Amino acid sequence: MINEELVNKSSLLRQKWEDEVKKIVAKHPDQKESWTTVSDLGIKRIYGPEDIKEMDFERDIAYPGQYPYLRGCQPSGYRGKYWTFRMFSGMGTAVETNKRWKYLLATGQTGLSTAFDFPTLMGYDTDSPKARGECGKVGVAIDTIDDFRDLISGIPLDKITTSMTINPPATILWAMYIACAQEQGISLNKIGGTIQNDMLKEFIAQKTFMCPPEPSVKLISDTIEFGTKYVPKWNTVSISGYHIREAGSTAVQELAFTLRDGMEYVEDVIRRKGLQVDEFAPRLSFFFNSHIDFFEEIAKLRAARRIWAKAMRERYGAQDPRSLWMRFHTQTAGCSLTAQQPYNNVVRTAIEALAGVLGGTQSLHTNSLDEVLCLPSDHAVQIALRTQQIIAEETGVASTIDPLAGSYFVEALTNEMEEKAWEYIHKIDDMGGMVAAIEQGFPQLEISDASYKFQKQIDAQEKVMIGVNKYVQEDEKIDIPIVEINDSVEAEQLNRLAEVKRKRDGRKVAETLKDIEAACKKGENVMPYCIEAVKNYATVQEICDVYRGVFGEYRDPGIY
Amino acid sequence: MAERKIRILLSKPGLDGHDRGAKVLARCFRDAGFEVIYTGCHQTPEQIAAAAIQEDVDLVGLSCLSGAHKYLFPQVVNLLKAEGADDICVIGGGIIPEQDMQPLYDAGLKALFTPGAKLDSLVEWINTNVTPRA
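Heads up: the sequence lines are chains E and H, in that order. Just so we're aligned: 137 in the working numbering is position 137 of the first sequence, and the numbers increase by one with no gaps anywhere. Just so we're aligned: 108 in the working numbering is position 108 of the second sequence, and the numbers increase by one with no gaps anywhere.
Bound-form chain E, shown alone (with noise of 0.2 Å):
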C-alpha cells in the first residue's frame, strides 16, 4: 500500500522531526515519561507511513462489505439504517418492566434489551431461600410465562427485536418467547431477536453459571442447532467481550478472549450436532464493551472484524459472506464511570459512544450517569438516548463509512490489536481451547493481573479518573435522585408466583419435566422439550434443577 519511495520520503522527513523534538524536549520535558492506552499499551508520539508499510490494501482494508471486513460488513454504512439504538432496562416486576420499555420505544428507541433480576440469572425463583434480598433488584423477576407475557404486552414481536441479556436459563427465557409468540399466532421465522446465552465468558468473567463449562456449551450448541432449524432470524448467541472488560481486562485480553470463545462455539456445533459451519455462523453475534480509550477501542472493533473473518474462513472453511461478518453490539464502559462528579459520566459515555459508532457497531447501549449508584431514572436513560440520537443525527459522523481508515495510527493501532490479540488465541489453542484454558484458570488470572495492575495505578496517579484521584471535590454531596426497587416487589412476585403454582396442572408440570431430564440424559436437543414445558407452566427453577441434577454444578473456584 505504503511505496517504498514514500517510505524513504517519510524517514527522512522523520528524522528531522525526530531531532526537531528531541532539542525541544530536552528544554521542555513531557509532561510524562511514558504515554499508554487505558489498557497500557504504548503509543508513539507520531505515527507515518512507516508504520503501515507492510500493509496491502486488498488484503488487510479493502471496502466495507469486501473481506476481510475491516471496514464493515454492510456495503452501505449508516445512510440507509442508523446502528439499533438499545438500552439495556429491566427492573422490579414484569409490569414495570413493560411500562418503562414503553417509555424508551415512546423516546425514540429502536429495539429492546432485557435486564433480569439475580434470581432469574441463576435460575432461582423468587421463592428460592437463595433469591432473598434480590428480588426485582437489578432487573426483572421472571419466574413462570404468566410473567414473561406481562412483560412483553403490547410489543410487536414481529417488528420489534428483543435482546435478552441471560445465560445458564438462556434454554428457558428463549423457550418462553417462543411460546408467547406461538400464542400470538406469529410465525417463528418472523421473530427476531438475541439471547446472551455465552457460557463461556460466565466463567471467565461475569460469574453467573450453573452447570460445569462442558454442559453447558452443549445446550448452547441446543439453542444454535434449534434456531438454525426453525428461528432462522434469531442471534441464538451473543459472544461478549463487555463482561470480560469490565471484570477489569485490557482490551486485547477482551478482544482475544471473546473471538477465541467465538471459535469454541463453532468447533463444538459443528462436532457435536454435525451442521456445516455456514448453516449456522451467520447468526452468531458478538458483544463489545467500549472503554474511554477512544482510539484504542476503535482499533480494538475495527480489528475483531478483520480476525473473525479470518479465523472462520481459514480456521473453518466458511465461505458464505454472512458467515465471517462480525456483527456486534455495544455498551459504553460501566467501569470507566465515577460515582464522584456524577455528570461526567455523560461526558465520558458519549466519547465512549462515538468510539464505537467509528468502529462500526450495529447496535448500542449507552449507560446512564447514575448507574455507578443506582438502576438508572428515567431522566438519566433519556440524557443516555439523546446521546446516541445526537451522535447519529447532529455530528455528521454516520455520513461516511469508517472514516479512520488509513490513518497511519488508527491502522498501525488496529495491526497491533490483532497481533497480539492472535498471540493470546494461539496460545489458548495450545493449551486444548478455550474450556480447557478456563479449567486451568488462564483468562481468569490474566484478567485479575491487568485489574490489580490497573487499580495501583489509579492508586499511584499513573492513571488518570477525574473526581477519583485527579480534580477531586472534598465533601462533595452527590444529589442525584437515587432510584430503589421497593421491597414490596418482593411479597407482590412471591404471591404472583404461589398463585400460578396453585393453578396449573402439577402431573402435567411433573411430565414435561422428565421429558427435559430424559434429553438431557440422551444427548437431544433440549428446546423442544423446554418449550413444552414453559407452556404448562414450569418456572426457571424447575427446569433449572433438571439441568443441576443432570450436569452438576460449577462452584465459583474463586481464582484471583
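If you are wondering where the hints come from, they were derived from the structure by calculation, not from laboratory data. A couple of the hints might just be wrong.
Said to hold, decoys possible - Calculated pairs, PhoX-like style, for lysine-lysine (alpha carbon to alpha carbon, straight line, at most 25 Å):
(1) Lys5/H / Lys477/E
(2) Lys463/E / Lys118/H
(3) Lys508/E / Lys535/E
Keep in mind that this is a model prediction, so the values were computed, not measured.
Following the hints, put chain H in place on chain E, whose structure we already have.
Relative to chain E, chain H alone:
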C-alpha cells in the same frame, strides 16, 4: 515468635458475580501482609459465617454490587453473633447508597467502602482497627 498475621475472609454473599473489587482486594491484602481466604462468589450468609469461624479469622470482608447488601450484610453479622463469634469484625463494600449506610452500621457493620476507595485506605483501616485475636 513472629506475631500472628491478621486473617481475613473475603466473600461475595448472594447471587452477584461482580467480583473485580473482591479479587483486587484479595491481592492487595495479601501483598499488605495479611492472610487472605477468598471464598469466591455465590455464598450464603450461613456459609460465610461458618467459614469465618472455621478459619478463625479476625475480619470478614463482604462485597455486594447487586443491591442485596441491606439483607445480606446484617445476616452475616447476626449469624456470627448467634455463634458467639461477634468479636469477628465485619466490613462491607460495593454499591451502597448513602441512605443505606446508617442502617448497616446500626446492624453491626464496622466499616463500609464504596467505589473510589483507595487500596491504601482499606489497609490502613484494617491495621488501625483490627488486631489478631489471641
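Going down the list of hints, with the structure as the test:
1. In summary, the hint linking Lys5/H to Lys477/E is not supported, as the alpha carbons are separated by about 37 Å, beyond the 25 Å threshold.
2. Of the supplied pair hints, the one linking Lys463/E and Lys118/H holds, its CA atoms being roughly 13 Å apart against a limit of 25 Å.
3. Restraint check for Lys508/E and Lys535/E: the C-alpha separation of about 10 Å stays at or below 25 Å, so the hint holds.
Hint 1 alone, counting from the list given before, is not met by this structure.
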